[in-house]
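If you read the sequence shown in this note's numbering, its first letter stands for residue 1, the second for the next number, and so on.
Treat the hints with care, as some may be off.
To be verified - Pairs of lysine to any residue, SDA-like flavour, derived with a Cα cap of 25 angstroms:
{"hint": "1", "residue 1": "Lys14", "residue 2": "Ala24"}
{"hint": "2", "residue 1": "Lys37", "residue 2": "Thr49"}
{"hint": "3", "residue 1": "Lys46", "residue 2": "His30"}
{"hint": "4", "residue 1": "Lys34", "residue 2": "Glu44"}
{"hint": "5", "residue 1": "Lys12", "residue 2": "Lys34"}
{"hint": "6", "residue 1": "Lys37", "residue 2": "Glu52"}
{"hint": "7", "residue 1": "Lys37", "residue 2": "Ser47"}
{"hint": "8", "residue 1": "Lys37", "residue 2": "Arg27"}
{"hint": "9", "residue 1": "Lys58", "residue 2": "Lys34"}
{"hint": "10", "residue 1": "Lys34", "residue 2": "Lys14"}
{"hint": "11", "residue 1": "Lys34", "residue 2": "Ala23"}
{"hint": "12", "residue 1": "Lys34", "residue 2": "Lys46"}
{"hint": "13", "residue 1": "Lys12", "residue 2": "Arg32"}
{"hint": "14", "residue 1": "Lys58", "residue 2": "Lys37"}
{"hint": "15", "residue 1": "Lys34", "residue 2": "Ala24"}
{"hint": "16", "residue 1": "Lys46", "residue 2": "Ala24"}
Said to hold, decoys possible - If you anchor each label on the Cβ, the simulated ranges turn out as follows:
{"hint": "17", "residue 1": "Glu18", "residue 2": "Arg41", "range": "53 to 61 angstroms"}
{"hint": "18", "residue 1": "His54", "residue 2": "Glu18", "range": "50 to 58 angstroms"}
{"hint": "19", "residue 1": "Ala42", "residue 2": "Arg11", "range": "46 to 54 angstroms"}
Since the hints were made in silico from the structure, they are not lab data.
Just so you know, even glycine gets a beta-carbon here, dropped at the ideal spot from N, CA and C.
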Amino acid sequence: MADIVNLRTVRKRKAHAERDARAAENRALHGRTKAEKQRDRAVEEKSRTFIEGHFREKPGSSE
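Using the sequences and the hints given, assemble the complete structure.
See below:
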């Protein structure tokens with residue numbers, strides 16, 4: 001005789017496997033390490049201060 005299979009459980013397992021596969025793809029495409037994020041923030045901050053240092057007037061001042 002064949003084993004009895006609960007179809008609801010099979011559907012849930014299949015959906016869970018698909019979500020896991022999609023999550024793995026997203027981690028590969030969009031994932032960055034903590035060090036990469038910190039480096040990007042530091043570069044962005046440095047470039048912003050460089051640009052702000054070259055203004056004749058501070059942005060927002062009306063003098």
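Structure-based check of each hint:
Of the pairs offered as hints, the one joining Lys14 and Ala24 holds, with about 15 angstroms between alpha carbons and a cut-off of 25 angstroms not exceeded. As the CA atoms of Lys37 and Thr49 are separated by approximately 18 angstroms, the hinted pair is consistent with the 25 angstroms bound. Distance restraint check for Lys46 and His30: the Cα-Cα separation of roughly 24 angstroms lies within the 25 angstroms cut-off, and the hinted pair is therefore satisfied. Proposed proximity of Lys34 and Glu44 is supported: the alpha carbons are some 15 angstroms apart, at most 25 angstroms.
With a CA separation close to 33 angstroms, the supplied pair Lys12 and Lys34 exceeds the 25 angstroms bound. A C-alpha spacing of about 22 angstroms is found between Lys37 and Glu52, which places the hinted pair at or below 25 angstroms, so the restraint holds. Proposed proximity of Lys37 and Ser47 is supported: the alpha carbons are some 16 angstroms apart, at most 25 angstroms. Proximity of Lys37 to Arg27 is assessed by CA-CA distance (about 14 angstroms); at most 25 angstroms being required, the pair is judged to hold.
Between Lys58 and Lys34 the CA atoms are separated by roughly 33 angstroms; this puts the pair beyond 25 angstroms, and the hint is violated. Taking the CA atoms of Lys34 and Lys14, the gap is near 32 angstroms; set against the 25 angstroms cutoff, the hint is violated. For a cut-off of 25 angstroms, the pair hint linking Lys34 to Ala23 stands: about 19 angstroms separates their Cα positions. Restraint check for Lys34 and Lys46: the C-alpha separation of about 18 angstroms stays at or below 25 angstroms, so the hint holds.
Note on Lys12 and Arg32: the hinted pairing is violated, with a Cα-Cα distance of about 30 angstroms set against a maximum of 25 angstroms. With a CA separation close to 28 angstroms, the supplied pair Lys58 and Lys37 exceeds the 25 angstroms bound. For the given pair, Lys34 sits about 18 angstroms from Ala24 by alpha-carbon distance, which is consistent with the 25 angstroms threshold. Under the criterion of a C-alpha separation no larger than 25 angstroms, the hint pairing Lys46 with Ala24 is inconsistent with the structure, at around 33 angstroms.
Taken as a hint, the range 53 to 61 angstroms is violated for the pair Glu18 and Arg41, whose Cβ atoms sit roughly 34 angstroms apart. Between His54 and Glu18 the Cβ separation comes to about 51 angstroms, which falls inside the hinted range of 50 to 58 angstroms. For the pair Ala42 and Arg11, the beta carbons lie near 47 angstroms from each other, so the given range of 46 to 54 angstroms is met.
The earlier numbered hints that this structure contradicts are 5, 9, 10, 13, 14, 16, 17.
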